[in-house]
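Model the full structure from these sequences, guided by the hints.
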Amino acid sequence: MIRVIKSIPYNIKKAWKSIIRNLGASVSSVFAVTITLILIMLFAVAAFNVSSFTKNIETHIQVLARVDAIVEESQIPELEAQLKAIDHVVDVRYSSASEQLDLLIQDEKSKGKYNSFKNSNPLPAAFYVDADQGKNVANIKKQILKIDGIMDANYGGDSVNTMIKGFNSIRLYGGVFIGALSFLAMFLISNTIKINIHNRREEIAIMRNVGASNGFIKAPFLFEGIFIGIFGSIIPILLTIFGYGFVYDALGGNLLTSMFKLLPPIPFVLYLSGILLVIGILVGFIGSLLAVNKNLKWKR
Amino acid sequence: MIDFVGVSKTYPNGVHAIKNMTLHIAEGEFVYLIGPTGSGKSTFIKLIDGEEVPDQGTVTVVNTNVGKLKFKKVPYYRRNIGVVFQDFRLLPNLTVFENIAFAMEAIGENKHDIRKRVREVLQLVDLEDKGRCFPRELSGGQQQRATIGRAIANRPKVLVADEPTGNLDPEKSSEIMRLLERINEEEKTTIVMVTHDQQLVDTFKKRTIALEEGYIVADMMKGGYINHE
Ligand SMILES: Nc1ncnc2c1ncn2[C@@H]1O[C@H](COP(=O)(O)OP(=O)(O)OP(=O)(O)O)[C@@H](O)[C@H]1O
Ligand SMILES: [Mg+2]
Numbered sequence: 001m002i003r004v005i006k007s008i009p010y011n012i013k014k015a016w017k018s019i020i021r022n023l024g025a026s027v028s029s030v031f032a033v034t035i036t037l038i039l040i041m042l043f044a045v046a047a048f049n050v051s052s053f054t055k056n057i058e059t060h061i062q063v064l065a066r067v068d069a070i071v072e073e074s075q076i077p078e079l080e081a082q083l084k085a086i087d088h089v090v091d092v093r094y095s096s097a098s099e100q101l102d103l104l105i106q107d108e109k110s111k112g113k114y115n116s117f118k119n120s121n122p123l124p125a126a127f128y129v130d131a132d133q134g135k136n137v138a139n140i141k142k143q144i145l146k147i148d149g150i151m152d153a154n155y156g157g158d159s160v161n162t163m164i165k166g167f168n169s170i171r172l173y174g175g176v177f178i179g180a181l182s183f184l185a186m187f188l189i190s191n192t193i194k195i196n197i198h199n200r201r202e203e204i205a206i207m208r209n210v211g212a213s214n215g216f217i218k219a220p221f222l223f224e225g226i227f228i229g230i231f232g233s234i235i236p237i238l239l240t241i242f243g244y245g246f247v248y249d250a251l252g253g254n255l256l257t258s259m260f261k262l263l264p265p266i267p268f269v270l271y272l273s274g275i276l277l278v279i280g281i282l283v284g285f286i287g288s289l290l291a292v293n294k295n296l297k298w299k300r
Numbered sequence: 001m002i003d004f005v006g007v008s009k010t011y012p013n014g015v016h017a018i019k020n021m022t023l024h025i026a027e028g029e030f031v032y033l034i035g036p037t038g039s040g041k042s043t044f045i046k047l048i049d050g051e052e053v054p055d056q057g058t059v060t061v062v063n064t065n066v067g068k069l070k071f072k073k074v075p076y077y078r079r080n081i082g083v084v085f086q087d088f089r090l091l092p093n094l095t096v097f098e099n100i101a102f103a104m105e106a107i108g109e110n111k112h113d114i115r116k117r118v119r120e121v122l123q124l125v126d127l128e129d130k131g132r133c134f135p136r137e138l139s140g141g142q143q144q145r146a147t148i149g150r151a152i153a154n155r156p157k158v159l160v161a162d163e164p165t166g167n168l169d170p171e172k173s174s175e176i177m178r179l180l181e182r183i184n185e186e187e188k189t190t191i192v193m194v195t196h197d198q199q200l201v202d203t204f205k206k207r208t209i210a211l212e213e214g215y216i217v218a219d220m221m222k223g224g225y226i227n228h229e
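Read top to bottom, the protein sequences are chains A and B. At position 291 of the first sequence the residue is numbered 291 (our numbering), and the sequence of numbers has no breaks. At position 121 of the second sequence the residue is numbered 121 (our numbering), and the sequence of numbers has no breaks.
Source of the hints: derived by calculation from the structure; they are not laboratory data. Note that beta-carbon positions come from the ideal geometry of N, C-alpha and C, so glycine has one too. Please note that a few of the clues may not be correct.
Some chain B residues near chain A, calculated using beta-carbon distances under 7 Å [to be verified]: (1) G38; (2) V74; (3) I107.
Put into structure tokens, the structure is as follows:
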């Protein structure tokens with residue numbers, strides 16, 4: 001262990017020399033890591049924000065239960081009590097038929113065309129039933145429908161579901177795409193290391209002749225891969241830290257409506273930067289490991 | 001120190017480089033390996049340092065069954081074996097001092113020990129004043145002495161040299177021979193040296209093993225024949 005730590009400066013020096021010596025290939029590998037990580041970053045920003053949107057929507061989820069026309073005013077409190085008794089219901093609010101009509105008239109989209117219904121209101125009264133969590137809403141709706149005196153029950157679940165489904169497929173294709181990019185970056189790094197191994201064949205042959213262990217010969221190349229990964233993550237991390245903050249401020253913290261609240265930059269960008277760095281290092285390490293395991297065995 | 005028992009080596013291309021070879025080299029011996037080109041001398045050397053594995057028989061060096069060594073274990077075994085080549089193989093961008101130190105760094109020796117031992121070695125190979133020179137600034141003989149210095153830096157028990165004087169004129173060759181004799185005597189290193197140089201073999205008389213087409217055709221102790229059946 002002590003020996004491993006002691007050898008770090010030596011390996012860093014070697015890795016650095018090797019990168020300089022083969023600058024073209026090194027720079028293109030760094031570039032590949034940079035592109036990959038930027039895409040991963042954009043994807044992660046979208047993914048984390050959408051999942052926080054859906055959480056927000058779900059936590060506010062509400063069922064609109066409309067009352068049968070035959071139900072008398074006097075029966076309303078009893079209905080309300082029944083609704084409140086359903087599991088996972090946190091709040092029930094009564095809205096009279098006239099209030100429902102007022103809402104409809106006030107809705108901008110209706111442009112006053114319902115004004116004439118004021119004298120003979122065809123709308124039923126309704127209850128707004130709040131669920132504790134989005135996942136319980138569907139079940140609450142079922143329970144509501146069993147109650148006598150309820151005409152129907154609806155919630156905005158379908159649009160949320162569509163959104164989640166839509167995003168899941170983006171996640172799938174995006175994930176595949178990013179996976180492919182990571183492989184490309186790994187391949188480029190692996191190739192760079194391969195070239196470097198080739199350039200240093202003579203030196204490696206001598207190391208073998210004097211009895212250098214495999215680990216000793218491998219280590220500088222692994223460090224080189226890790227370096228490439230770290231260098232490749234610099235730009236994506238800067239973009240994350242400054243770019244996300246900028247976009248967040250420019251949009252005022254919301255995407256289109258206040259229902260879609262963006263994640264605040266702190267601590268989100270810090271986590272994301274950490275993730276990007278780790279991915280960069282892993283891609284570099286695995287890339288060089290592949291090259292080392294394949295190309296250092298030409299001579300016993 | 002070195003034991004071949006029924007050793008055969010066939011390369012993937014079908015060439016039988018070594019055929020059913022049995023021989024013993026004792027600790028501290030100095031042995032010449034001679035024979036025409038293609039007779040298997042280099043292959044013999046590679047079987048000793050573990051670069052090649054026999055496909056029949058066993059090669060035992062320093063109590064190690066060399067052919068059975070796992071890839072990972074080869075380096076540790078090889079610290080017992082110093083190797084010298086005809087074409088020197090010094091690293092051009094390192095000084096003589098650094099080239100010799102390199103062999104010790106490669107096996108993880110500490111800086112202090114390295115400095116001490118490299119000075120000692122430079123003295124032994126008579127290059128004390130050339131430590132700061134780069135290989136290109138040295139004559140052929142000096143480069144070969146630097147290579148020998150590198151080969152013995154880790155105090156190997158066996159030194160194998162594949163035509164170490166092949167690129168040198170007779171005077172420089174004698175110089176190298178005297179150096180190898182000194183290493184053989186002072187460091188008690190067992191030496192196996194491949195050579196084509198009949199004059200050298202005649203001047204510095206040693207046990208001489210002659211190969212032909214992969215067989216030992218003669219094993220002579222300082223000119224006298226040893227029966228080898
Ligand atoms: N790596 C290899 N692959 C295939 N055949 C080989 C290999 N190395 C050597 N040979 C063959 O094995 C035989 C013995 O070769 P070796 O190099 O041991 O001869 P040598 O005695 O050292 O010759 P020289 O005096 O020319 O150096 C030759 O026929 C050679 O062509
Ligand atoms: Mg040869």
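Cross-check of the supplied hints:
With its C-beta approaching chain A no nearer than about 21 Å, G38/B sits outside the 7 Å limit, and its interface hint is violated. Annotation: interface hint on V74/B holds; nearest CB of chain A at approximately 5 Å, less than 7 Å. With a least beta-carbon distance of about 5 Å to chain A, the hint placing I107/B at the interface is held under the 7 Å criterion.
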